[in-house]
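Trainee: Which chain is which? The protein sequence lines are Y and D, in order. Once you know that position 78 of the first sequence is 78 in my numbering, the rest is easy, because the numbers rise by one and skip nothing. Once you know that position 11 of the second sequence is 11 in my numbering, the rest is easy, because the numbers rise by one and skip nothing.
FYI, nobody ran anything at the bench for these hints, they're computed from the structure. Do not rely on the hints blindly, as some may be mistaken.
[Claimed, not checked] Calculated cross-link-like contacts (lysine to aspartate or glutamate; reagent style EDC-like; alpha-carbon spacing at most 16 Å):
#, chain 1, residue 1, chain 2, residue 2
1, D, K69, D, D54
2, D, K49, D, E64
3, D, K102, Y, D40
4, D, K69, D, E88
5, D, K61, D, E88
6, D, K49, Y, E102
Note that the structure is predicted; figures quoted are calculated from it, not measured.
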Amino acid sequence: DSGVTQTPKHLITATGQRVTLRCSPRSGDLSVYWYQQSLDQGLQFLIQYYNGEERAKGNILERFSAQQFPDLHSELNLSSLELGDSALYFCASSIGQGMNTEAFFGQGTRLTVV
Amino acid sequence: AQSVSQHNHHVILSEAASLELGCNYSYGGTVNLFWYVQYPGQHLQLLLKYFSGDPLVKGIKGFEAEFIKSKFSFNLRKPSVQWSDTAEYFCAVGADGLTFGKGTHLIIQP
Numbered sequence: 001d002s003g004v005t006q007t008p009k010h011l012i013t014a015t016g017q018r019v020t021l022r023c024s025p026r027s028g029d030l031s032v033y034w035y036q037q038s039l040d041q042g043l044q045f046l047i048q049y050y051n052g053e054e055r056a057k058g059n060i061l062e063r064f065s066a067q068q069f070p071d072l073h074s075e076l077n078l079s080s081l082e083l084g085d086s087a088l089y090f091c092a093s094s095i096g097q098g099m100n101t102e103a104f105f106g107q108g109t110r111l112t113v114v
Numbered sequence: 001a002q003s004v005s006q007h008n009h010h011v012i013l014s015e016a017a018s019l020e021l022g023c024n025y026s027y028g029g030t031v032n033l034f035w036y037v038q039y040p041g042q043h044l045q046l047l048l049k050y051f052s053g054d055p056l057v058k059g060i061k062g063f064e065a066e067f068i069k070s071k072f073s074f075n076l077r078k079p080s081v082q083w084s085d086t087a088e089y090f091c092a093v094g095a096d097g098l099t100f101g102k103g104t105h106l107i108i109q110p
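This is chain Y alone, in the form it adopts within the complex (with noise of 0.2 Å):
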């Protein structure tokens, strides 16, 4: 158990909804980072948010929007979606805002849309 957790587990939902993918850090971490792994794509970095502010942005889609809450726990916003958004969505979190330290993983949400 890394102590970083993601809910739902499993998301079903058609094209065109939208949905709210949730995820709770580490106690202590003040970063997380989304990420969306597809077997084409492989695992892609959306965006990172360290205590409460955007810190990095990667592959984040202007459909898709997400923010850190005072709690720090974090949520990512997906809408309009489409088929091929179907992809398991990771979060990660981090003690620091920079790049040297070790990100710790939740067990993800897989996200079918239909």
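Please build the complex by placing chain D on the supplied structure of chain Y, with the hints as guidance.
Mentor: This is chain D only, laid out in the frame that chain Y set:
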């Protein structure tokens, strides 16, 4: 922006064979380098990391990696693999965000 390239997408070895998984990165500045492993049905776990100092780093479960700055490489090695090493292995670069390679699916045959 940085990028990571893993040379082998699928590797099949027999138990006790030696392993080397290639990883090359592209970034103009100082980087931090990682290898993560994902066992079937589990989350990613850190195998080892390089921030500075000795370019040969040792990780868990007998894995090691060597940072060669001139080659922009950080290859993962293990002298003798076990069946339990069957997993997906990801090389990652920490610079602007934490960027992963596409992964290498390693299968160890008993």
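Trainee: State for each hint whether it applies.
Mentor: The hints, checked one at a time:
1. Taking the CA atoms of D/K69 and D/D54, the gap is about 12 Å. The hint holds against a cut of 16 Å.
2. Proximity of D/K49 to D/E64 is assessed by CA-CA distance (about 9 Å); at most 16 Å being required, the pair is judged to hold.
3. Between D/K102 and Y/D40, the direct Cα distance comes to roughly 9 Å. Compliance with the 16 Å bound is thereby established for this hinted pair.
4. Taking the CA atoms of D/K69 and D/E88, the gap is near 25 Å; set against the 16 Å cutoff, the hint is violated.
5. Between D/K61 and D/E88 the CA atoms are separated by roughly 15 Å; this keeps the pair inside 16 Å, and the hint holds.
6. Restraint check for D/K49 and Y/E102: the C-alpha separation of about 8 Å stays at or below 16 Å, so the hint holds.
The structure is inconsistent with hint 4 alone, although it conforms to all the rest.
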